[in-house]
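A.B. asks: So the protein lines, in turn, are chains A and B.
Those letters in the first sequence? Residues 1 to 407, per the numbering used here, in order.
Those letters in the second sequence? Residues 1001 to 1313, per the numbering used here, in order.
Any given hint could be a false lead.
Stated by the list, open to error - A short list of chain A residues far from chain B (calculated; beta carbon distances all over 10 angstroms): (1) 71; (2) 199; (3) 345; (4) 375; (5) 380; (6) 387.
To be verified - Listed next, the stretches of chain A that the computed footprint assigns to chain B, with coverage defined by at least 3 CB atoms under 8 angstroms from CB atoms of chain B: (7) 46-57; (8) 102-114; (9) 178-186.
The set of hints was computed from the structure by calculation and includes no laboratory data.
Even glycine gets a Cβ: it sits at the ideal position worked out from N, Cα and C.
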Amino acid sequence: MKNLFSIAALSVAGLALTGGMAGAANTGISDGVVKIGVLTDMSGVYSTLGGKGTQVAVEMAVKDFGGKVLGKPIQVIGADHQNKADIASAKAREWIDNEKVDMITGLLNSGCALAVQKLASDKKRITMNTGAASTELTNKSCTPYGIHYVYDTYALGKVTAEAVVPSGGKSWFFLTADYAFGHSLEQNTTKFVTKLGGKVVGSVRHPLSTADFSSYLLQAQSSGAQIIGLANAGGDTINAIKQAREFGIDKKGQKLVGLLIFDTDIKSLGLKVAQGMQFTSGFYWDRDNATRDFAKRYFAIHKAMPTMDQAGAYSATMNYLKAIKAAGSDDSDAVMAKLKSMNISDFFAVNGKIRADGRMVHDMYLMEVKKPSESKGEWDLLKIVKTVPADQAFMPLSESTCSLVKK
Amino acid sequence: MNKTIWIMLIIIGLLAPFVVYPVFMMKLLCFALFACAFNLLLGYTGLLSFGHAAFFGSASYITGHLVKNSGLTPELGILGGTLFAALLGYLVGSLAIRRQGIYFAMVTLALAQIVYFVALKAPFTGGEDGLQGIPRGKLFGLIDLGHVYTVGGNPLGLNLYYFVFALFCLGFWIIFRTINSPFGQVLKAIRENEPRAVSLGYKVERFKLTAFVISAALAGMAGAMKSLVFQLASLTDVSWHTSGEVVLMTLLGGVGTVLGPLVGAFTVVTLQSELSSVGSWITVIIGGIFVICVLLFRHGFVGELARLLKRSL
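Starting from the given sequences, assemble the full structure and let the hints guide the process.
C.D. replies: If you want it as structure tokens, here you go:
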């Protein structure tokens, strides 16, 4: 019985202690610290393009901001959601309830992102999504506290289809990752392919993080389509492209088009395999002086150039902190109002603006992989073929099905 | 076991959310009930099922679907999920109990993989994304389970916690009663010596099937609770990893003891959450602990303690 008493006594003491600290005002920084959580894939197929590198970028942004906002410290914590929506939502819930995390960023994997954005919004916390791609985040599932920062499947599908279809790629076959992201990317790209006069002859869905693509590639081959569209990302895209080369698919007249490719993917494929591929990106480190400057500093810490997810996480964090400073509070409503009213212009985003549905629109780029002879260094991988202005790259607000958009 | 221990455990359970993070505590309770249900089969009937995640996971999908898409109240959702798991248990059980030992385990695993495939492909489960945003709803249409009380500056979802705790106690009591009934005695007889039970005139198959259905239903109830706690039903719940995890929990805690699975589930879930920062090393560490347990205390934590105290726990 003695144990019982001590437990009861402890819990009563705990209540009394925490009770004394309640009742802080709504202005200024709640609970004395601004906490930013980086929740992303740190060990799986997407860990190279996001992962620890995203946390490094967020920490850099905090350091560059001065480590303090409104006189209160800024803290960064990270966790691996292992690409599982249940782990992601459990972690986010724990962060918000226990750790008092104010903003969650990263969020690679649309399945995880949708779960976390919904949960965070129910608890009035901001999510700045730099990793996931599904347009559902700013349409059917949009929330007043969710920002979709870097890219989405609409922009990827549109820019790539507009580059590929007019130059002869009329018939398409999709190799699609079987979850929210893949479905959304296939659907959006299909829309633009058919709009531009092409047609989709079929598609096949593979599970996330597939090692063996042979049966899917054989189906793609026998479909006779001119273009095999890869509606997947990260390790899956790398595996699919490598295995397609081994099958000699490209030599038989079919062309592979990666719909979502990151610099790190190209790095691991090698220029010899990837040369000539065109795809859409929201950022390239070697675009101008400002991007090169950031990339150099980032490389010194992380030993790799930043991908659009990682550079986006830096920019998102920086602008979040600026918004807190401008609002004079870390209250989610006040910060969101500031974020949606300010112009976002830095090394990452050109002509950036956060719309009512949470979509951050900015210029996108059509990229092409360099030939090995053109490359001057280890990370000299891509060239920008075309800059697509913000208002042409992203879904117009009038088409958004988000309930926050007034029509 | 004497009454004071039970009363103490219940009081600890009632006070726990003020000390431990309630969602974590509810997760512990869900897995503890799951492990207890599994133990009824492994520890008291001697049947090693390797597909119990099928009941756990399918019930969480059914409950999630009923509450989210059909707008049922949470208690009806949980009832629906539990009944579905019982029905599934009846189907799987009637096939599996025709075989013994490793073949029994293989049949349950194979059937569980079919359930996994259905969960991956069926239109209402959301495939890889899972069934998201399940509302917690109002208990009996009256009590808001999503309500959060602010106790001393900390948000505590006490309504849901006490609902889950009550269900856990109910499930645990059913298992306890089953074990200590004449029916439970027959189960133990079957575990010890099946041919002898047959020769005594017991219809062994019927007893095994009943035990299987009770175990499946309670595993389902645990899964149904989990879907309300996390507001999410996902493929993890039906995957074979979860089936393996529950075997681990039961063995670590002590197979064939009443409190063993409870202790085992608490140990494994706490380790997983405490070690989540070390990433993929978790499996190595838990595997190492498992090896040590098998080498040093073969009867699990509670089993060894019971041997030391010379009484059953």
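A.B. asks: If a hint holds in the structure, say so; if it doesn't, say that too.
C.D. replies: We went through each hint and held it up to the structure:
| no. | hint | in the structure |
| --- | --- | --- |
| 1 | 71 | 22 angstroms, holds |
| 2 | 199 | 26 angstroms, holds |
| 3 | 345 | 34 angstroms, holds |
| 4 | 375 | 34 angstroms, holds |
| 5 | 380 | 32 angstroms, holds |
| 6 | 387 | 33 angstroms, holds |
| 7 | 46-57 | violated (count 0) |
| 8 | 102-114 | holds (count 3) |
| 9 | 178-186 | holds (count 3) |
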